[in-house]
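Given the structure of chain S, go ahead and fit chain P onto it with the hints provided.
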Amino acid sequence: MKLNPTAVRRSKRFQVLEDRPVNKDGFVHEWPEQGFIAMSSPDDPLPSVKIQDGRIIELDGKLRKDFDMLDQFIADYTIDIKSTVQMMNMESLDIARKLVDINVSRAEVLAVVKGLTPAKVVEVLNQLNVVEMMMALQKMRARKKPSNQCHVTNVRDNPVLMAADAAEAALRGFDEQETTVGIVRYAPFNALALLVGSQTVRGGILTQDALEEATELRLAMLGLTTYAETISIYGTESVFKDGDDTPWSKSFLASAYASRGSKMRFTSGTGSEVQMAGSEGKSMLYLEVRCIMMAKGAGVQGLQNGSISCIGIPAAVPSGIRAILAENLATTMFDLEVASGNDQTFSHSDLRRSAKMLCQMLPGTDFVFSGYSAVPNSDNMFAGSNMDSSDLDDYLIIQRDMMVDGGLRPVEESQVIEMRYQAAKTMQVLFEELAFPAITEEEIDAATYANSSEDMPKRNVMEDLKAAESVLKEGITGLDVALALANRGYHQVAERIFNMLKQRVAGDYLHTSAIIDENNIVQSAVNNENDYTGPGTGYRMSDERWEEIKNIRQAISPSEY
Amino acid sequence: MSYSYSIEMQMEDQSRASKGKDPKEVVIAVSPAFGKALSKTIINVEHSKVLREIISGIEEQGGVTRVIRNFETADLAFIGHLAAKLSGSGIGIGIQSRGTTIIHQRGLDPLSNLELFPQSPLITLETYRNIGRNAALYARGENVDPVPVVNDQMARPRYQAIAAILHLKEAQQIVGGKPAVNVDYSFTISEEETV
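Read top to bottom, the protein sequences are chains S and P. Just so you know, we're using our numbering here: the first sequence kicks off at 1 and counts up by one. Just so you know, we're using our numbering here: the second sequence kicks off at 1001 and counts up by one.
Since the hints were derived computationally from the structure, they do not count as laboratory data. Treat the hints with caution; some may be incorrect.
In the DMTMM-like style, the derived pairs of lysine to aspartate or glutamate whose C-alpha atoms are separated by at most 25 Å in a straight line are [unchecked claim]:
#	chain 1	residue 1	chain 2	residue 2
1	S	K24	P	E1046
2	S	K473	S	E432
3	P	K1036	S	E33
Computed from a predicted model, the values in this text were never measured in an experiment.
Pulled out of the complex, with its shape left as it was, chain S reads as follows (with noise of 0.2 Å):
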């Protein structure tokens, strides 16, 4: 006979985990021929190199003849060919100790990492759990102080509540701070909030808006964002040739930021190319690698991954979040600058992501976080990120529990208020300077105050759109803000613009890793460089930074009783 499953009686264990938030993410198994598999598949190709005539002539098993163009340009551009033999003889697993081990620095691991191909280097990583992956990117980051990026969007575009938010992350302890739009047409008024309200609390802080490639650089040269993230690459041609794009193309767009002083970073991530059909069977690490390695090639300073907006699919297969740290420690053993990722949700869990986060937070990154959303996650334009606003508390907890640095710091409400209230003001000011639509008294008194942009009164969008416009059409520039605030005795964010401009002239902040502090001084990897070799060296908290970060307000004194 056979049981009806419906009519089976079930047990109430069970019934109890179905209704965990867990059972709400999707869950699938390996599918290698199609590329679902995190970090090892069947069709991956095996180490190997050959050199002739100063060039490389076999990479990873395939012949020159028959390189795609991703092959063509690691062998040309990225793979060192002076040291590839001799560090492709090496063994991977003496090469995975090397990243290990404290008494190796990390200039030796980059020296090695420099002659290898993907697969080998697809091969190290393999060789490690993640404990040691942790360990080696707390050695390999670029930077010696850890950092965190932030996202700062709401559903309305409002360019009042964005520069409150931007400057409530600012005072939160975000060093960089990125927006997008929900109507494309808002995009310079959202690079202007970012760019009013993060200055109006401290100079030196980078800001970016995500658009369609063009008018994000358009905005870049203008002077009014201060880096980009959001230039893709793939880890497969045909995937590359759906976006229009080549790896030389990729890296034109990049040099065009590098000559305006403008900091880049590239974007890429496990599960995209599965995403969209094109994975040619490859793991997911593999296709990551070879994103990694051409970043390196292009010349860029770093990359933002982490599996970023594709993360459902690595998540939902073996080994995957393993197989996303991994792909930020690949990226700091090329030397580049990694934002890694944390920043799209995952997992109805709170367990699961925050078990996914500390592999970021715990052994420090350049950003933990290539976006943490500063706003609640329903006003995230960027689809929602690992951890948002109303996870802030949690947030500086951990950090106090763990005694780790993971950029934040903890924030007296009444600073908020204040700091929400002169951003808003801010804007106000350059508005009616620029003869833009009016920003009301109520706004600015519900952007003080509010969580979410359900929080504010409605603005006339029709009316912003044509002032937004103008900005890209009159080419209104950086300085042209700057002024604006200066004629009408805003001084101190006029010259902190101002010193934003500067910066592009000297171009410090070029240098992998780059962030600049509230004095204006670049710290990068070049004058902050991680020299971490086992316990007592590397970043360490200064004693004045510990305090600021046991203070949480929950805390009571003991005195109290």
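Relative to chain S, chain P alone:
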């Protein structure tokens, strides 16, 4: 006692699709696997019901529907763009097997659009009907209120991997170089009493 109904859809690929002349025409271009290798969207809604709702939405506004099948790509932007290019009115709808839908217009860049519904798990039958209605209104040259797009940041954790699997199955049905064909469609509705 209540009634449930099921719709059977018959789709038959015909001759090569050419450019339409009827200014009321809205072309719906379906993806390579739609109603063939795959029969349900990502949330298990039958393709027959989806197509019927879109067509009903178009016809309610006096539009004329033509359905074509694209073989060359699984990329929604290009499926929708093809529909618009071949449509008598210049308005087309593109739909993938997993349910993701776009309203496109001739003359726009392929990666641009009139309306895009990117999160397939959130598209209801009512939304499909409204998509059809709006497409017909665009075809009449009217000012159109876009169909509200629903956003759920937790759709990715639940559906992204499944979406990828459906897309891969879709991509396996691509026939490179094969031009789009007209599709004859008909529906049979049967009603059943349920106790």
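Hinted pair K473 (chain S) and E432 (chain S), Cα distance within 25 Å: holds, 19 Å
field: Pair hint outcome, K24 (chain S) versus E1046 (chain P) [Cα-Cα no greater than 25 Å]
entry: Given that 25 Å is the threshold and the Cα spacing comes to 22 Å, the pair holds.
query: Taken at face value, is the distance from the CA of E33 (chain S) to the CA of K1036 (chain P) at most 25 Å?
result: holds, 22 Å
Figure legend: structure checked against the earlier numbered hints; every hint is met.
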